[in-house]
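4 protein chains.
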Amino acid sequence: MPLTSDASGVFPIAPTPFNPDGSIDWASADRLFQFYHDIGSDGVTVLGIMGEAPKLEPEESVELVKRCVARMGAKPIIVGVSAPGFAAMRSLARQVMDLGAGGVMIAPPPSLRTDDQITGYYAQAVEAIGSDIPFVIQDYPLTLSVVMTPAVIRKIVMDNPSCVMLKHEDWPGLEKISTLRKFQKEGSLRPISIVTGNGGLFLDFEMERGADGANTGYAFPELLIDVVRLQKAGQRDAAHDIFDLHLPLMRYEQQQGVGLAVRKYVMAKRGILAHDAQRKPGSALSAAAKAEVDYLLARIAKHDPRAKI
Amino acid sequence: MPLTSDASGVFPIAPTPFNPDGSIDWASADRLFQFYHDIGSDGVTVLGIMGEAPKLEPEESVELVKRCVARMGAKPIIVGVSAPGFAAMRSLARQVMDLGAGGVMIAPPPSLRTDDQITGYYAQAVEAIGSDIPFVIQDYPLTLSVVMTPAVIRKIVMDNPSCVMLKHEDWPGLEKISTLRKFQKEGSLRPISIVTGNGGLFLDFEMERGADGANTGYAFPELLIDVVRLQKAGQRDAAHDIFDLHLPLMRYEQQQGVGLAVRKYVMAKRGILAHDAQRKPGSALSAAAKAEVDYLLARIAKHDPRAKI
Amino acid sequence: MPLTSDASGVFPIAPTPFNPDGSIDWASADRLFQFYHDIGSDGVTVLGIMGEAPKLEPEESVELVKRCVARMGAKPIIVGVSAPGFAAMRSLARQVMDLGAGGVMIAPPPSLRTDDQITGYYAQAVEAIGSDIPFVIQDYPLTLSVVMTPAVIRKIVMDNPSCVMLKHEDWPGLEKISTLRKFQKEGSLRPISIVTGNGGLFLDFEMERGADGANTGYAFPELLIDVVRLQKAGQRDAAHDIFDLHLPLMRYEQQQGVGLAVRKYVMAKRGILAHDAQRKPGSALSAAAKAEVDYLLARIAKHDPRAKI
Amino acid sequence: MPLTSDASGVFPIAPTPFNPDGSIDWASADRLFQFYHDIGSDGVTVLGIMGEAPKLEPEESVELVKRCVARMGAKPIIVGVSAPGFAAMRSLARQVMDLGAGGVMIAPPPSLRTDDQITGYYAQAVEAIGSDIPFVIQDYPLTLSVVMTPAVIRKIVMDNPSCVMLKHEDWPGLEKISTLRKFQKEGSLRPISIVTGNGGLFLDFEMERGADGANTGYAFPELLIDVVRLQKAGQRDAAHDIFDLHLPLMRYEQQQGVGLAVRKYVMAKRGILAHDAQRKPGSALSAAAKAEVDYLLARIAKHDPRAKI
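Protein chains in written order, with the numbering used here: chain A, 1 to 309; chain B, 1 to 309; chain C, 1 to 309; chain D, 1 to 309.
Next comes chain A alone, as it looks inside the complex (with noise of 0.2 Å):
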């Protein structure tokens, strides 16, 4: 299904499952589509950055997609492009939306600076992948080092006419969210899906600032879907609830290169994956800190049965 500007709910960003040996573990690959299926996800993100991206080789990252399409495919399926080349961004691009994706996502290459630097990139990667890709702009300055302001966002969406979604991930980023909503209600912008990141750390306060739900990883995808939902119903106070309870294990699973060691761990526990796994170079959990994540994990159980693995 096709990613369009109306997109809204929660696109889990997907890690990809290894084998210890560092293959990839295909079973829990498709155990894991099937679980975000499941639970209500409105899509999925597959080959971002929490999904190991860059260490796999090409003909792995078409597998995957092919993979998640078979599981998903009624929803739209969005698949990171960004390469160093926009040769191998439009090769991938194509393949994956040939094999059924709804759209790419692409994060600006860190040596950007200036502002045309940025609109000029996007111009030029919309050019390399068609325009008739749908595609999302990867907003990460913490990780990527590169800054867009929200008229930088606004030129990228008004010039390409293909821009279907924000992937919000600034940090402090609330801000950002309202002015560019501002910039929609004066005209000077078209509607856009705004998704938002950062593990969910500030997905309380996102959507009531207007975003359209969550594009981002957290061992229990569940408690993205509660809160967007709940927001969007108008259930203020509930959604706080929920997320209150959750929010030490996302913080926890938040931390800078052992995030993904946390989410991965839970759901291993949770049985979603086989293994814990990363391909090298990657990271591992200590005995301490797996032992902090089960005493968070059971201090959430006590009011969400969901954490009772």
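A portion of the hints provided could be inaccurate.
Chain copies aren't distinguished; within one or between two, either way the pair holds.
DSS-like mimics (lysine-lysine), calculated; alpha carbons at most 25 Å apart, straight line [stated by the list, open to error]:
#1 K155 <-> K185
#2 K185 <-> K308
#3 K232 <-> K290
#4 K269 <-> K290
These aren't lab readings, by the way, just hints derived from the structure by calculation.
Once you have looked at the hints, place chains B, C and D on chain A.
Structure of chains B, C and D alone, referenced to chain A:
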């Protein structure tokens, strides 16, 4: 009172109070230090990054320390003396020690990269200020972009007997505390006080990993004191309970760039500061952000009357 | 003499002379400014990055400007006033203008990323120092990590009538000069003085692209004056001949980090400075490096007697 | 031919030739490698940063190595295998060694900061590719932002017997060569080949400090060969004479970002490449820049007929 390697407990990072015209609000400064004293702080840190130290004139810095000593002199006062040149560092360090400060805090300049550059810098700094002044290592990679391994910290500590404390502000940083404490057990590191930063966002577990306390800011330093006290008393669950209650606001206050505006806004609301002004260049809160903070305060106040403001 | 947008020629960046004990060597300072005057400099810049400005105390900075004015007051003197806070920037700027400086130079703080952040910073800086003080934009991405497009520079110039000069130190930077001069021709940019940096390493072509002169350091500022004079006189080949003769040493002196040590070593050898000392933290030359510089000097001296030292 | 720690001389960094449509220009590739062979290169490096390696598809990389081996197989061929994941690194390394490459070059990923992170990374990389493949450390802080001390390089060399060469590209870097050679004399470092980069900008003195040759690009690799040969023959002045003649162009070509465009422009002018095209995203030369390069060529040609093109 001199700072020693036995130091333990909570050393709030003091913001510098300003009037709306940018001048220092001395009355608020006096009230702030009195407040830190009355709630049972074990010391205080002035002229840190969140104290807007680089924006102060030398004579203002000295006056602020004088005010602090007058209110809190019975407790060790830590003074940030980081400076581009060692001449200025020495000058400020010696002045504030004469005024009754307990020690100084030194951050590495952002240009340092290699282990040798870092240990070499601290050796030169100690040579500059004199080996009779107790000093604190500030380990804050997110803002300073200098990464210190546990082995580098150990070398600084072992090479410089006047090093008495580590302000631990790495992120993620839990394993670093464990490693340093392991060094001590093995006998390769002498005892040193480890107090943690990052707005307290991991204080719950940092205490369990072996931290001696906190050296950071939060609009409710009483909460930091609670967590440290409960963890020291072995009341793990109670420590996490009160910590988790405040975590939504702590997270909000820990946003890079706008965090200080949140902290000053709440401290002004509490009546501790007369204004939430920053000296230019600074940041300010939008009406939406203020309403969000108010909402978080109201939620905390249901269980912690101190947040009823 | 006030600095204007007509400024042209060579404004050497003055190193700050120190005694081996780290105190300022005032006698050498006097001699240095007299030297700049006598060789026909069109002005001078003090308290720049290569002047070790951040290591000076406020009163030392003021005294240095006084000494400079006494020797070179008939020429426009540019004073670096970059500071972490606008209060200190204003204080120094107003003091030095009262003492007879011609204008001030402002570098953007390294944290700035977006176009708006940069133009906003200069607007605030001008508000702080007052719109009556002529100022110079320092555009030096290699060291400051702030990248300004020609359009950003244009906006700063057009928004702030007190902006009279660009210290152009981008690398590569030739196209930037051409673009700015094209803006002027098109009428979108008012006239502004463009003087170049980077140790003169591209001065030969910068003049041909439309630069007005140089605002940089080199142990033989006479060479910069020669190149600027010859290029203005249309003697292209002669300009390149003398430039190429010095290029091996200019390249050697333009090494990041040790460049200042090379410059001071040669200027001490020339008898302009009494010592080649830097205030700590600083760098020093090895015996091998000194021998290499001596060798380069001997090679230049075969064709330029000024290098016979 | 396998690369050994006795390697010496000039190993040009080969650009990858492209057609204007972005496909690889294989005829030019063949001609380029034949050219390197005919001028007496001691080997060659393909798939380096200046070879636009990250923009190539895996099969293109392999084909390029095949072409190179066919023309230069009697000399050691170094292949850049840097990759975000060790799986891809291993895959490419083993393939190219099977095809007849002499060794591989590994650059540290830009995220590495501490000494331990750097040495740990190389240990993992060797584990990944196998300890039977000779490898080259690429030490290039300006572009990679990873700073390696001499002691870190020594540790990598001593821990990994398959490390045979350092591509030295620190800036400034002369003291680093001296220190490493001192380590060898003292017996703490085993013999290793040191070849230098930075476009040859310091090759004159690098040879005098103990470098074995150059592993870098310049549109006239013959010049690098001349300098290395003359310095090895003890003809210091002659080496500097020919070096200084080319320095104005070397400096022009060593501009970050546009340097590759200059190199390809001149090599196309020389008839070695059919086009000066880069695969997107790339940079191009303005008419003014081309005229400047032509002027520099004409000046060199007065004394070096090879520049008459």
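Results of checking the hints against the structure:
Proximity of K155 and K185 under a CA criterion of 25 Å is satisfied intra-copy only: 16 Å inside one chain copy versus 27 Å between copies. For the homomeric pair K185 and K308, neither the shortest alpha-carbon distance inside one copy (44 Å) nor that between copies (36 Å) is at most 25 Å. Taking identical chains as interchangeable, the C-alpha atoms of K232 and K290 lie at most 25 Å apart only when they sit on different chains, with a minimum of 22 Å there against 34 Å within one chain. In this homomeric assembly, K269 and K290 come within 25 Å of each other (Cα to Cα) only inside a single copy, at 11 Å, whereas the closest approach across copies is 40 Å.
Hint 2 from the earlier list is the only one contradicted by this structure; the remaining hints agree with it.
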